[in-house]
Structure formats: structure tokens, C-alpha cells
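The chain contents come next:
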Amino acid sequence: MYKNFLRYLISAIFLITFSISAKADFKVGFVYIGPTGDHGWTYQHDEGRKAVEAAGIKTTYVESVKYGADAERVIRQLAQSGHDLIFTTSFGYMDATNKVAKDFPNVKFEHATGYKREHSNVSTYSARFYQGRTILGHIAGKLTKTNTIGYIASFPIPEVIRGINAMTLAAQKVNPNIKTKIVWVFSWYDPGKEAEAAQALIDQGADIIMQHTDSTAPVQTAEKAGIWSFGQASDMQRFAPKSILTSIIDDWAPYYVERAIAARDGTWSQQDTWHGLKEGMVAMSPYNKGMGADLVKEAKQLQKDLASGKIHSFTGPIYDQKGNILVAEGKVADDGMLLGMNVYVKGVEGDIPK
Amino acid sequence: MSLDISFIGILIGSIMASSVPLILAASGELITERSGVLNLGVEGMMIIGAISGFALMVITDNLFIAIIVSMLSGVIISLIFGFLTQSLLTNHVATGLALTIFGIGLSAMLGRDFVGIPGKDFPILFSSLRESIPFFGPILFGHSIVLYFAFALPFLTNYFLKKTKLGLVVRAVGDSPASASNQGINVIMVRYCCILYGGGMCGLAGAYLSLIYTPQWIENMTAGRGWIALALVVFATWSPIKVLIGAIIFGGISILQLHMQAVGFRIPVQFLIALPYLMTIIVLVVISRDSRKIKLNTPTSLGRIFYKEK
Chain A
190 MYKNFLRYLI SAIFLITFSI SAKADFKVGF VYIGPTGDHG WTYQHDEGRK AVEAAGIKTT
250 YVESVKYGAD AERVIRQLAQ SGHDLIFTTS FGYMDATNKV AKDFPNVKFE HATGYKREHS
310 NVSTYSARFY QGRTILGHIA GKLTKTNTIG YIASFPIPEV IRGINAMTLA AQKVNPNIKT
370 KIVWVFSWYD PGKEAEAAQA LIDQGADIIM QHTDSTAPVQ TAEKAGIWSF GQASDMQRFA
430 PKSILTSIID DWAPYYVERA IAARDGTWSQ QDTWHGLKEG MVAMSPYNKG MGADLVKEAK
490 QLQKDLASGK IHSFTGPIYD QKGNILVAEG KVADDGMLLG MNVYVKGVEG DIPK
Chain B
382 MSLDISFIGI LIGSIMASSV PLILAASGEL ITERSGVLNL GVEGMMIIGA ISGFALMVIT
442 DNLFIAIIVS MLSGVIISLI FGFLTQSLLT NHVATGLALT IFGIGLSAML GRDFVGIPGK
502 DFPILFSSLR ESIPFFGPIL FGHSIVLYFA FALPFLTNYF LKKTKLGLVV RAVGDSPASA
562 SNQGINVIMV RYCCILYGGG MCGLAGAYLS LIYTPQWIEN MTAGRGWIAL ALVVFATWSP
622 IKVLIGAIIF GGISILQLHM QAVGFRIPVQ FLIALPYLMT IIVLVVISRD SRKIKLNTPT
682 SLGRIFYKEK
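Protein chains in written order, with our numbering: chain A, 190 to 543; chain B, 382 to 691.
FYI, nobody ran anything at the bench for these hints, they're computed from the structure.
Don't take each hint at face value.
[Stated by the list, open to error] Under the rule of at most 27 Å between Cα atoms (straight-line distance), these lysine-lysine pairs were calculated in the BS3-like manner:
| hint | chain 1 | residue 1 | chain 2 | residue 2 |
| --- | --- | --- | --- | --- |
| 1 | A | Lys-489 | A | Lys-362 |
| 2 | A | Lys-368 | A | Lys-334 |
| 3 | A | Lys-478 | B | Lys-674 |
| 4 | A | Lys-216 | A | Lys-288 |
| 5 | A | Lys-413 | B | Lys-674 |
| 6 | A | Lys-535 | A | Lys-520 |
| 7 | A | Lys-431 | B | Lys-501 |
None of the values given here were measured: they were computed from a predicted structure.
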């Protein structure tokens, strides 16, 4: 009995000193859905983490964390082990993040691409990827000879539909005869299926391929077929050097550094961030010279105008597939509409899977 | 859907390419099962083949070595299964499941440094003939050597099982290990060989994915194809030719549903995605209705542990 008591005492002292010493250093934790080497989504988040580290702040990360109980356990453990700020970098961590946040009011939480901020220590952030899609649409509309753009889509959520619409609208502006053909693969990450989808679209006459999935298989398929393609999430140029026109890049680094410093200096407060080209959260990889110097110039100008707000990706008049007006002439879509987008615009073929 | 004849040729060509991993893995597993061993580790052995093939391609820059090593690593990992089930007499189902989980985890760990590296172009045969002959060109020519091997394999397997003495031994071991043993056949030895052969074919199937079909390494890139191969063996009632038919139907409808989507058919996408699974099961059940023939092909002692009393 006495012996046991002593043991508890020692471990209690040990624990307290340990947690005090852990508290001494400001630490930031990251939770990733994939491996850091996926060269897509998680890779870009990890680049952001490295920037935080470079700013002189200690970081740790846990990769390939599954949604659900695993996620909650990992987030809780990071909070317990003295992390002051925790980034949970995938949509599916939404509930777990809020649940843990409730139990650790002194720890700050940042959840990517979600919308739930149930406690004052939870912020959310996302990027306006659709602005990049507008540039892709402009380029695609100019370059296509078959007037058919092939689009490999993952899941029918507003973010993906927004991208399809933004691309189609921009392509229509420069080429009214454009058709967007879509194949849904119901996966973020299945190279075999993505390659087959790309091939099917090519066989159906698409001469430009773009994707809202994470593997490099579609651009490789396009390279083999000798047609144009666009990369996704990170610069995929070296997988298809001839084919890739540009890639939409997610650049989380500036935001991560800013938030980490704010949390360290005590100026952090809850917010909902949706940044785009202007803030640099969305960036474009170097444009392929193969598209011609004029088009590169146009793309760069468009990028500038989107960033400055001179051009909005969703400027009216915008019609749905049946011809009903969605956004009136001279108006632009508000963020609420963008966030809940669940219809195709005119010119997209097929139905949204329900 | 445009239906000119050359387009159909291209379509059939891509259907063939997509069914190759299923044919290879299922033909390998078929031999394993005909010897009475149920190895549920197909997915795990495939993914190990995929990563080791890709890794060796990156390291040695030699595709031939990469293919050989992928088969060897399939053999090695199936040796674990063989040792556990044949020498230590563990349960086949549990061991096979463990093998799959182990394979997926191990491949992810081994593959860490190989993510994001572009693969090499795998040489294709008769590429000039592919372009010059309108319909048959894309079907018969311009494929990798692994594809030709895969399409020959079910026929070779059929011949092996039905016409050779060794094939008879395998079947005897699968149907009645006790009597086979009494005839002086080393049952454990035969089963070991069949397990290793199955592992080699699964390794090759994985390498086809990571070296030829989508030349790159990505965690979990087999994406459930091993399980489909396993199901094919059962629904094809352990007949190699029906395995081939099943694999082509599955590959065919997977490709066709993508085309139907691209054309904009007004059918729910979820249904289209489920279609390959549904159609393959229906067709295989229909062509294997003859219960007498099922009995003829089913290895009676499948999944049962055999040990020789001393």
C-alpha cells in the first residue's frame, strides 16, 4: 500500500514536471489525412508546416490519420502533450476537432475546409480553388480543337461542383461551343480508375483533361495520348512535362506562419478564412510555353484580375442547365451561394449524382 | 457514343488492359485454392508486388529486374502464409486476412521514399501494327508482354490442371489430402508450391499496376482489386477459363460505365459504378449453373487444415 502510494507520488511529480517543461515551449501540431509524400493535398500542408518550423516555431505532425475515432485520439493526444495550436487538415476531422476543442479551452484549433466552429478556440480556413479553375477554363476554351473538355471528378460536394462550374463559365466566355464532359470516380485517390476515366474521356473526344482527384494518373494518361492537361493541388509538371499547361497549387504556408505567430504572441482569435489568389493561398505553377506566348500573357492577366477582384469567377448572367437564371446580369455570386453550390451551370453535360 | 469500328477496337484494347491484374491474381489464387488452401492475402501480396517492382525500377532502372523482383517478393510474402498455415497449422482465413493487412502496411512503409517519382514507359510490342490495322490493331497489338502472358495464362492453367500429371496431383491434394498422402504424395510440399506460385502471380499483378498500367507508386494503389480477384475465383467455380471471362466482363463494364458517364447517360452514377460487380456475379452464376460441374471443380478440402499423423 505504502509502496504503491510512493509510486503514484513519483509518477505524479514526474507528470507535473513533464507537463510544465512541455508548456514552456510553444508547439504547433498538424494532423494529416495522407502520407506527407503524396505529392498532392497532404504534401502541400506539410510544406506549410515546414514554413512554420522555419519561422522558429516547433512543430510536430501525425500523418495518415483516419477519420473517426482515430482522428479524435490523435488530436486529443496532441492537445494533451502540450501543443498550443493544432491544425487538422481534412474535412472529415470536423467533428473530432470540435469535440476535443471543448475539453481543451486553452489550446487553439484550426480546421481546414470545414464550417463548424462550436467553441471559441476553433477557427476554420479554406482556399478559393475555384479561382484557379477560372484560369484553367480560359486556357482550355482557347486551346481545345474538339470543343470538348474532359473533367475527372471525385465526389459531388459543393467544392467540386464549384470547380466544374467556374471552369465551364470561363471556357464559355472565350468559346461558346464548349462542352464539359464529366466522369465521377467516387474516390480522391485511385490511380487505376482515374487513368481509365481519363482514357474514356479522351476516347469520347476530349482533347483537354483536368481533374479534381489527387493522383497523377490522369496527367500521365494525357501525356501518353499527346493531349493537354492540368495538374491538381501541387505542381505535377514532371509527371507529364509536355502535357501539363499549369497546375493549381494550394499554398498554406503564409497562413500557417501567420496563425502560429498570432497564437504564440497571444493575438490569435477565432475566424473563418477563405483566401484565394489575392492572399496567395491559391497559386498557379509556371505556365507551359506550348500554349503560346499570347495565351500565357492572357492567363497571367486573368490571374492578376482575379486576385485584385476586378474579375469574379461567378459573374452574372449565369444560368443553370435548364436555363433558369442563377446569378443576374451585373451581379456576382455571394460566398453563401458558392459554399452551397449544388447545380451545374448551362453547358455542363449530365446530372450531378445524388 | 460514337460507334465506328476503329473506336470499338480501341475500347476493347483498353478493356483488355484493365482486366490484366485480375486475370493474373485470380489465376494464381485458383491454383492455390485447387490445392485446398484458401489464401485471402491476395490484396496484400499484390500491393507488395507493386511496391517492390516499382522500387527496383527506380533503383536499378531496369524493368526486367523489377518484374522478376516483384514476383519474387510475392513468393516471399506468400511463404510466410505457407509457413504459418502448413507448418504451424494456423487457420487459413485468419492468416490470409492478416497477410493482407500486413502487406498494405508494409508496402506503405517501404514506399515512403518512392511516392511522387514518375515511372518509366514500359516497352510495348508491335506498336506499328497497332496503328496500321484499323479494328484488330488496337486489340491484338501494342500491348506489353505481361498482357499477352496474362491472356495465355488461363489456358495454360486449364491445360496444367486437366492434362498433366502434376495438375492431377494438385487436384488430388485439394480434394482429398488424406488419400493423396496415402498414395505417397507429399501434401504439405505440394500445397507450399501452390501457395508460392499464387504469391508470384499476385506479385506480378501488382507490378502490372505500378509499372505498366499507371506507372507510379501510391499507397494502397491496388484499391481492392485483390478482393475482386478472390471473388472471381469463387464465382467462376474454380474454372480458369471462366475466371478469364469474369475478369473481362468486370474490366469491360468498369470501362464502359465511364464511357456512359462521359456521354451523359441519364442513369444514376452510383448504379453505373456498381454495375461491374453486379454483372460479373450475374454472368458467372448463370454460366456456372450446372451443379454437377461445380462439384467437379470445387476443391473439397478448401480451407481445411491438413496434418499428417506420425
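Checking one constraint from the list: CA of Lys-478 (chain A) to CA of Lys-674 (chain B), max 27 Å. Satisfied? Judged against 27 Å, a Cα distance of about 63 Å means the pair is violated.
Just to be careful, I want the Cα atoms of Lys-216 (chain A) and Lys-288 (chain A) compared with a cutoff of 27 Å; is the pair within it? Measuring from Cα to Cα gives roughly 21 Å; hence the hint holds.
Would the hint linking Lys-535 (chain A) and Lys-520 (chain A) be met if the CA-CA limit is 27 Å? Roughly 17 Å separates the two Cα atoms, so the pair holds.
Run the distance test for Lys-431 (chain A) versus Lys-501 (chain B): straight-line Cα separation, threshold 27 Å. This hinted pair holds, its Cα atoms lying about 15 Å apart.
When you check the alpha-carbon spacing of Lys-489 (chain A) and Lys-362 (chain A), does it fall within 27 Å? holds, 17 Å
Do the alpha carbons of Lys-368 (chain A) and Lys-334 (chain A) lie within 27 Å of each other, as the hint requires? holds, 11 Å
Taking only the CA atoms, is the gap from Lys-413 (chain A) to Lys-674 (chain B) under or equal to 27 Å? violated, 45 Å
The earlier numbered hints that this structure contradicts are 3, 5.
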